[in-house]
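Construct all of the structure, not just a fragment, from the sequences and the given hints.
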Amino acid sequence: MRQFNYILKRLLHMIPVLFCVTILIFLMIRLIPGSPAEIMLGDKATPEKIAILEEKMGLNEPLIVQYGLFLKQIVTLDFGDSITYARPVLELIQPKIMVTVGLVISTTIFVLLLSFPLGYLAGSKHGTPLDSGIKTGALIVISLPQFWVGTLFLLLFGLKLHWFPVGGWGDTFLEHAHSLILPGLTGALTTSALTIRNLRSNVIDVVNSDYVDFARSKGLTEKRIKNRHIIRNSMISTVTLLSLRIANMLGGSIVIETVFSLPGLGKLLVDSIFARDYAVVQTVVLMLALIVLIVNLITDVAYSMLDPRVRLE
Amino acid sequence: MEPILEVKDLKTYFITKDSTAKAVDGVSFSVMPGETFGLVGESGCGKSATCRSILQLIHKPGRTVGGEVIYKGQNILDMPPAELRKIRGSEIGMIFQEPMTSLNPVLKIKEQIFENLKDKNLTKQQKHDRAIELLKLVGIPTPETRLDEYIHQYSGGMRQRAMIAIALAAEPKVLLADEPTTALDVTIQDQIIKLLGKLKTQLGMSIILITHDLGVVAQMCDYVAVMYAGHIVEKADTNTLLTAPRHPYTYGLIRSIPTGLEGSKKLESIEGMPPDLNNMPEGCPFAPRCKFKGELCTKVRPEMRKLGNGHEVACHYTEKLEGVSGLQSSEKKV
Amino acid sequence: MEQKDNTSVFEQTEASRGEEAHHIKKKKHFWQYSMSLNIGLVIIVIVLIFAFFPQFIAPYEPNTSNPDAIMLAPSAEHLFGTDNYGRDIFSRVVWGTRIDVAMGIFAMIVPLIVGSIIGLIAGYYGGWIDTILMRILDVVMAFPFILMVIVIVAILGSGLMNMFIAIWLVAWRDYARLVRSEVMIAKHSEYVMAAKVLGYSEIRIILGHILPNVVNSAITFAAADIVMCMLTGASMSFLGLGVEPPTPEWGALISTGRPFMTQAWWMCTLPGVAICIAGVGFSLFGDGISDVLRAKSR
Chain F
1 MRQFNYILKR
11 LLHMIPVLFC
21 VTILIFLMIR
31 LIPGSPAEIM
41 LGDKATPEKI
51 AILEEKMGLN
61 EPLIVQYGLF
71 LKQIVTLDFG
81 DSITYARPVL
91 ELIQPKIMVT
101 VGLVISTTIF
111 VLLLSFPLGY
121 LAGSKHGTPL
131 DSGIKTGALI
141 VISLPQFWVG
151 TLFLLLFGLK
161 LHWFPVGGWG
171 DTFLEHAHSL
181 ILPGLTGALT
191 TSALTIRNLR
201 SNVIDVVNSD
211 YVDFARSKGL
221 TEKRIKNRHI
231 IRNSMISTVT
241 LLSLRIANML
251 GGSIVIETVF
261 SLPGLGKLLV
271 DSIFARDYAV
281 VQTVVLMLAL
291 IVLIVNLITD
301 VAYSMLDPRV
311 RLE
Chain U
1 MEPILEVKDL
11 KTYFITKDST
21 AKAVDGVSFS
31 VMPGETFGLV
41 GESGCGKSAT
51 CRSILQLIHK
61 PGRTVGGEVI
71 YKGQNILDMP
81 PAELRKIRGS
91 EIGMIFQEPM
101 TSLNPVLKIK
111 EQIFENLKDK
121 NLTKQQKHDR
131 AIELLKLVGI
141 PTPETRLDEY
151 IHQYSGGMRQ
161 RAMIAIALAA
171 EPKVLLADEP
181 TTALDVTIQD
191 QIIKLLGKLK
201 TQLGMSIILI
211 THDLGVVAQM
221 CDYVAVMYAG
231 HIVEKADTNT
241 LLTAPRHPYT
251 YGLIRSIPTG
261 LEGSKKLESI
271 EGMPPDLNNM
281 PEGCPFAPRC
291 KFKGELCTKV
301 RPEMRKLGNG
311 HEVACHYTEK
321 LEGVSGLQSS
331 EKKV
Chain H
1 MEQKDNTSVF
11 EQTEASRGEE
21 AHHIKKKKHF
31 WQYSMSLNIG
41 LVIIVIVLIF
51 AFFPQFIAPY
61 EPNTSNPDAI
71 MLAPSAEHLF
81 GTDNYGRDIF
91 SRVVWGTRID
101 VAMGIFAMIV
111 PLIVGSIIGL
121 IAGYYGGWID
131 TILMRILDVV
141 MAFPFILMVI
151 VIVAILGSGL
161 MNMFIAIWLV
171 AWRDYARLVR
181 SEVMIAKHSE
191 YVMAAKVLGY
201 SEIRIILGHI
211 LPNVVNSAIT
221 FAAADIVMCM
231 LTGASMSFLG
241 LGVEPPTPEW
251 GALISTGRPF
261 MTQAWWMCTL
271 PGVAICIAGV
281 GFSLFGDGIS
291 DVLRAKSR
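Residue numbers (our numbering), protein chains in the order written: chain F, 1 to 313; chain U, 1 to 334; chain H, 1 to 298.
Worth double-checking, as some hints may not be accurate.
[As the list claims (entries may be wrong)] Restricting the straight-line Cα-Cα distance to at most 16 angstroms, the calculated cross-link-like pairs of lysine to aspartate or glutamate (EDC-like) are:
no., chain 1, residue 1, chain 2, residue 2
1, U, K108, F, D205
2, U, K291, U, D276
3, U, K60, F, D205
4, U, K127, U, E98
5, U, K86, F, E222
[Unchecked claim] Calculated from the model, a selection of chain H residues having no Cβ within reach of chain F, i.e. all distances over 10 angstroms:
no., residue
6, F52
7, I117
8, I165
Rather than coming from a laboratory, the hints here were simulated on the basis of the structure. Glycine included, C-beta positions come from ideal geometry on N, C-alpha and C.
As structure tokens, this is what we get:
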């Protein structure tokens, strides 16, 4: 019940945030120089034609009316047409959302696979060469540019060894998964390194905590102490860190999709900015913000399940 | 009567690359069944390390390097981990100073009680009933609702009671209580001490009480050992120790507690600081601060001397304190 | 980290908190605190020499093309090989140092100052100022950092200065959040209460009692942030939204080399080595700074 109230509270909290997010996106897109009408007309643009088209697109209306139109677009899921692709934005975006969400999932899986075992290992073997090795490795990985690591992976595992496709997304689910391994790994590196460092220091704190000593004084087995007392408590602040990193992982996907030529939202965004395709830009930005908000909601709920202290506040 | 727990020449050192801190350096004492044994000293004297060494709860770089802890004829320090686990909890339990940090914040109180119930054949209902019984025993009102709560939902005094309940779930024969009242308000301190006293009689267990508070000792302990810089400097039954201390340090400690009877007299305090455990002076560790010190003190470390009636003291010139009184017996109950 | 050496451990309860163990009050020189800091500083000094004096280090002119030396593999003559215009890549990397290092440092400084001030004010005064800040933070945190930077660059147009402005406009949020939460803790601490009871002025309390206690975490964050800013800048150039060619910049160098990945692997790989070295240097420096500040605050 308490859990349910918490989720409800978080959902209600999200509504004004979502509202402000749309205002911010709307204003930012209006600030991009150059008239969409002019770009749509291209070579055929004359001042008269631009004026007529602007009138038709509602660009001469007061800002507040334009914003109303934007909201209406969001509610009706009709985001207008892309100039470059001459297709409805929604239709254009739908398959690309899948790619980006797939990339984020692949990245998250790699983050979990890499960071939890290594972070726990380093923390529980605190002060050993293994610990310093993992710690130093994490520090180096944090300092590496993702686009460069991705390029190296592509050269080595794609071009040289032919283990993975060099680019693209494939047609079947297996091909999708196959082509998301290298990008996911690349995207996971920075976040994994940060998580490893965080988890490591949490484990060190928890292992030395009084409640673990108390648990040990009860005569529990080391396995039980680890499973019931150390792991869960060490993970609490790591979950917060992961939720903060989701936005960065999505941002990173813009770069990674470019590196691996994945047809996702990030790649589309960069292409559309160069093409000044505003309808697409504003929709992609909106989608990315929405994904961040939803994932944050999920991690907040996960956090409240791990830590009972949160629910009461 | 045979002692239930005997500590013999226990040595626990904290060894790092460039120093060795002898936190516990040759401590011996024994605890009788049903007795409350007090271990007194200022913070940093090694009393907590002694207590933790008994259950092998010392963290790196600390290590028990010598001595024996005999429980029912067996040396705990030699036991393989599986044997040691059988001693922990069900034979010797422990409660800590700060319940807020000593109880797991993300597990319900009942889960923490359940995991210390040693009879693995209990049904869910039996476990539940036993947990309620335990909370009642330690004086927690409305135990049914309290079982499902977390430690942060308890108040200060209730937290300490909950920790005692959890430790008692395994029905230990000896309870190590590491400064159980230090983190509490004075009024609640008194309640907890009374509770521990009551439980001791009711359950017939022995308690080893670690404290820096001679008032608590006076109220509760049968027998006391005073620790200073990793050594026990004086052992006696509580009455003797408080009224006729024979070690200058014990004497100093007693003279520094306010009794309300000083009138305009100033309270005495012990000048100086305890020695650095990495760098212990030769001779008596208390010598640099001692008002009674003589020639021998800075050269030879005093051995424990038996004065009769179980009174032992580690001082070369204990005669100097003969006839000097600590507290008047009428002042004892502070 | 966790300087276990030189600790004198008095009692288990204290020793158990490993990192908080008692220290002998011995005066230490700053280089004795942290190995990370020392190695980091050495790397940074080398990188700074490259940044300030590329003309003495680079063997060739960075922008002069040479039709006789197109896409030559790395050799003693051309350490990192040459590109599709016959330019020496090593020389371009050397000349790129100052741009990337400047991106790291200048992109960090303005948000550090502005964000800290905003966080300080909101955290200390609370009330509606704080509520507004928190709502703004809720909204801007919904956007991935680099996404915001990309959109702002799209508004302002590409180029180094516009990229700085874009990062400044976004990066303050992390500092504001961090400093605000630290101030909230410091505000309720006993020393601030004491200062209030003593009737000190607000300015004196903020500057003399709160700021020194929150500045450590802001600086620790900033030291690590240099790397993030540098990598963001390089990523922007890689995407073609930052520094414009033919200016030599590490991210842009990798980007221009990518189409020739199959013929000339060195074009898109070797410039990355420079980013890694500089990045590791600043990361070690950041770690070292946090070690030193932690040791000092004990």
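Earlier hints that do not hold, by number: Of the numbered hints given earlier, those the structure breaks are 1, 2 and 4, listed in rising order.
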